[in-house]
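A.B. asks: Here is how the chains run, residue by residue.
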Amino acid sequence: MKITMTCIYCPIGCTLDVEIKDGRIIVKGNRCPKGCEYARQEVTDPKRIFFTVMRVDGEEYKVAAVRSVAPLPKTEIKKLNEKFAKKYLNKNTKVRDKIANIHGVDIIVTRI
Amino acid sequence: MYDVVVIGGGPAGMAAALKARELVDKVAIVERSDYLGGILPQCIHNGFGLQYLKEDLTGPEFANYLAEKVKNEDIDLLLGEHVEGLKKAGNFKIQLIRGKIESKSVIFATGAKEKTRYMINIPGDRPSGVMTAGTAQAFLDMHGYLPGKKVIILGSGDIGLITARRLAMEGAEVLGVYEILPYPSGLPRNIVQCLQDYDIPLFLNHTILEIKGKKRVEKVLVGEIKDGEIVKREWVDCDTVIIAAGLVPNNKLLIKMGAEMDPSTGGPVVNEYLETSIKGAFSCGNSLVINDIVDYAVIQGEIAGRSAALYAKGEIQNRKFNCIKVGNGVKFVVPQMVSGEEDVELIMRVSEPMDIAKIRVGDEIKTLRFLKPNSMIFFKLKREKLGDAKAEVQ
Ligand SMILES: Cc1cc2nc3c(=O)[nH]c(=O)nc-3n(C[C@H](O)[C@H](O)[C@H](O)COP(=O)(O)OP(=O)(O)OC[C@H]3O[C@@H](n4cnc5c(N)ncnc54)[C@H](O)[C@@H]3O)c2cc1C
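So the sequences go chain by chain: A and B.
The numbers in the numbering used here rise by one with no breaks, and the one at position 42 of the first sequence is 42.
The numbers in the numbering used here rise by one with no breaks, and the one at position 106 of the second sequence is 106.
Among the clues, some could well be false.
Short, incomplete list of chain A residues facing chain B, as computed with Cβ under 7 Å [claimed, not checked]:
1. 6
2. 11
3. 61
4. 63
5. 81
6. 84
7. 88
8. 111
Derived from the structure by calculation, the hints contain no laboratory data.
Glycine included, C-beta positions come from ideal geometry on N, C-alpha and C.
For reference, chain B alone in the conformation it holds in the complex (with noise of 0.2 Å):
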């Protein structure tokens, strides 16, 4: 019997077995790839710690550094092994591909899914040549293969910056990246150093309409988009299209499970424990709420382990939850409820672009600058200013 099962062995899962580990005995993590990380070991650029570390590390650095911890631990590693399903009948049963475990509380640390051509619904041909970033990335970065010759981006996260710089820097020739919002969706440091440096076009307003090709993709027609119409189309020749269309947090066994999810992040409905409907369920990482970098994430996981370890113990008490309610410029905020008996901070992003708003939660107003919907907000708010529970921009 595990005190604390994390299902997942991204970052955000191995700080949750280690926060979990400085409290209980028996913990585990269940990995479905033989390796630990997550995403991160594909992810080779630098960028990774600055916050958490305070040190600016690439993907595979950052990741090792959690790795080499949690081996040097007393934590059960489960690995090329997958959680197919698990039900809660006091404890919670878990079943994995080699047989059945069980355990007193679980995290959920799944990480996310990308979208694909076909859940944006890009129509034309289906040729090979369409591709998700990481998809691309992996082909390039852990296999060694360069993945098209003439390639457009779909979407300008930072996902799609740093893939149109890697594969311009291995000589492929990256006709532009094409964004149907008015701005870019990655951060400005990643629209110089990725696109600036390499003579990238950035093509605002504009998004893909149609692929064609018989085998290899051969052409797309491209449009540029005003007030919802489509004012200009052109083909443009090319052999590969990279999707960057954004996030899904993976939540399927969660679902499965029947635990109340927030439609506004993918994620689970969670308290200020990252506790979700399901008692002694937890969720952390990208599968709670994507999140703009790692360090979140692993913070996140520190927060969910320590909660699982005292729900373990039996020391998180019954609590009653208030639900924060999302008013107006506010896209969501996480955790969804809250005790009103601690302080927290709370996570939220806006739904637009804004040079200076007032954010009110409860009865704590801020004034913020430079607020944009692809940036987390990170909001303090004391135990004592809870009020009407409220978020909204002022």
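This is chain A alone, in the form it adopts within the complex (with noise of 0.2 Å):
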């Protein structure tokens, strides 16, 4: 089986022509390494990185910005911000405070 894809990696997006032969994933047209991991990552299980924002306690118009740390499987992004939109932040956390972890990865405040 043949796909293209184009790499989301970094700005200039390589376009990405992906052969899965016998079991195997053979990858073309990648400019760095990360290209054929993205490849692999995208034919087997595709990531993204996790963001949105959170309500604070106490706090009418501020909203606080979190993410994930590595990327989490593309297919529960809608489900954790639905989850998300629900929760309150404490007061008093600060940026880079973890305040959650989900699959072994850290969700993390980037702006509060």
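Please dock the two separately framed chains into a single complex, following the hints provided.
C.D. replies: Written out as structure tokens, the structure reads:
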């Protein structure tokens, strides 16, 4: 099976030709090793960085921003969004604080 | 008396102040909002700093990286302060809301403004629900309010694509991204991770012709354009129209001072020190030229910071500059003037997409592939190769 995809690792956006043959994944068109890594991940288990905003205790017009430190399964991003929309952050939380852990990946505060 | 005053505390301004502070003692940043970072704090997605920091950060984190450095240095921060006017009388006399300051040199790092509905002339009613991408982003990601439920986005630049994804993520129905050009303006990675990931359709050769609605947007007339003619029209029901039609450099102050401007960039004409036609006044970041990514804005900030500090110390000699002539296929070149006494890196954009092209500047020819008007080209030019100082696609 052959698939053409765009690498999303950096702004260059290499066009990758990916061939899956006898269980092996062959990647062509990548300008750096990250492209190969991305293509393998994308055909087996696509992942994305998760980011969203969260309400802060006692704040009406200000939200905090959070993200996952590593990519998480793409299919779970929407569910995670809904989950985090219902949670409130403690007022004393600081930037870089870990506020949750999903499948071994930390969720950190990026702005509060 | 300051050596260097930086106007604007975004990434370009912070980088400029940090660089200047390495060379001179008295540096200040004037920023009109009450925090540093410019537009970055509201861009909560990742994709910032891959080149400059070799790390994939979100906007707030990238801003924080610079802001922490600035706060650790002896740099005066005049936040919540606005430059109302400035005059050059030997030194620069800068009028703020709360008093006057004086400086040997100034750096303009005032960023850009978004084009509004009125700047691109969309006729129709004037209901609520029509806003720029930056406003939608501020509603959602600074204040926590979803600005609409059934949304149409005008413009397929990165900002339009990123806003489309963010709204879809939070449960809005994004009906489509409409782009008047035959190709998307945003990066391929954003077509994938913003549109394809969320099944948002992209309509090329399309634009919005009219907006209808009494109190709130009710529907818009979209049109398909071929060879400059409208070939199809259709009403689409929606409650929100997001304008992501591009940015315009914000140079009100420089224009008032009479600096020479470049109509093709919207920024001032500068030399390789990023000095404007007003001696001692420098420019960087999105007020100089709309940059694809923050990393470039920061690099320009560093150049302007160094130059302004050297100027304050009286170490920039008077040089003669040649004007770079813009030829066939090239939209603009920055800097517009070079002395030919130092190697420079020119920033250019081509006027249309090209699979492969030979770009010539002076006596230097480079063959480049997959050129698009929306990605900046960096062209290193050795001083002895300046030649006829013309930039063109051959
Ligand atoms: C929605 C969106 C998404 C983006 N995504 C990415 C991305 O994924 N990756 C990436 O690398 N880049 C991205 N960018 C681009 C990046 O944000 C810009 O390149 C960068 O912010 C430009 O920096 P700047 O310092 O020139 O301008 P700005 O960040 O706009 O800062 C200008 C500052 O000047 C201040 N100012 C203006 N006039 C005055 C005055 N008269 N007195 C005092 N202060 C003044 C303003 O308040 C502001 O703080 C994105 C931009 C947007 C809008």
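A.B. asks: Taking the hints in turn, state whether each one holds.
C.D. replies: Against the structure, the hints:
no.: 1; hint: 6; verdict: 4 Å, holds
no.: 2; hint: 11; verdict: 5 Å, holds
no.: 3; hint: 61; verdict: 5 Å, holds
no.: 4; hint: 63; verdict: 4 Å, holds
no.: 5; hint: 81; verdict: 6 Å, holds
no.: 6; hint: 84; verdict: 11 Å, violated
no.: 7; hint: 88; verdict: 11 Å, violated
no.: 8; hint: 111; verdict: 4 Å, holds
The structure fails hints 6, 7 (numbered hints given earlier, in ascending order).
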